[in-house]
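A.B. asks: First residue of the sequence shown? That's 54 in my numbering, and the numbers climb one at a time after it.
Don't read these hints as lab results, they were simulated from the structure. There may be inaccurate statements among the hints.
[Said to hold, decoys possible] Within a straight-line C-alpha distance of at most 30 Å, the following computed DSBU-like cross-link-like pairs (lysine-lysine) qualify:
| id | residue 1 | residue 2 |
| --- | --- | --- |
| 1 | K75 | K63 |
| 2 | K140 | K63 |
| 3 | K75 | K140 |
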Amino acid sequence: MAVIAVFTYKVRPGRFGDVMAKLQQAAGPEFESPVMPRAVRLLRNAVPGPDTASLILHIEYDDMAAYGARTAWENRNPAWQELFAAKPDSPEELESVQLLVAL
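Sequences are here, hints too, so could you generate the full structure?
C.D. replies: Below you can see the structure in the form of structure tokens.
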């Protein structure tokens with residue numbers, strides 16, 4: 054049964070390029086793990102308009118075991134933790150996380 058992790062980020066004004074650079078770095082080979090997502094989609098809310106300051110990241114896994122294995126790997130990886138650590142100067146702020154299971 055597919056599992057989808059949904060992360061909603063608020064992007065600080067003028068920092069969209071920095072967020073994209075961070076996500077590109079996260080997709081690099083140094084962050085590959087034995088279990089990887091099935092699909093990753095980055096979405097922007099179209100309402101109220103093109104300058105909306107939030108991004109929605111959907112990460113799909115084959116099942117809960119795959120999600121758990123990847124999450125455990127991320128929690129053990131200091132470089133990953135540093136990349137996504139909440140800092141005052143981060144270009145984004147995590148607003149919410151949802152974990153959805155397909156029926």
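A.B. asks: Given the hinted pair K75 and K63, is their Cα-Cα distance within 30 Å?
C.D. replies: Within the cut-off at roughly 14 Å; holds.
A.B. asks: For K75 and K140, compute the direct alpha-carbon distance and say whether it is at most 30 Å.
C.D. replies: At roughly 14 Å apart (the allowed maximum being 30 Å), K140 and K75 satisfy the hint.
A.B. asks: Next pair to validate is K140 with K63; report whether the Cα-Cα distance is within 30 Å.
C.D. replies: The given pair, whose Cα atoms are some 14 Å apart, holds under the 30 Å limit.
Comparing the model with each numbered hint stated earlier shows that all of them hold.
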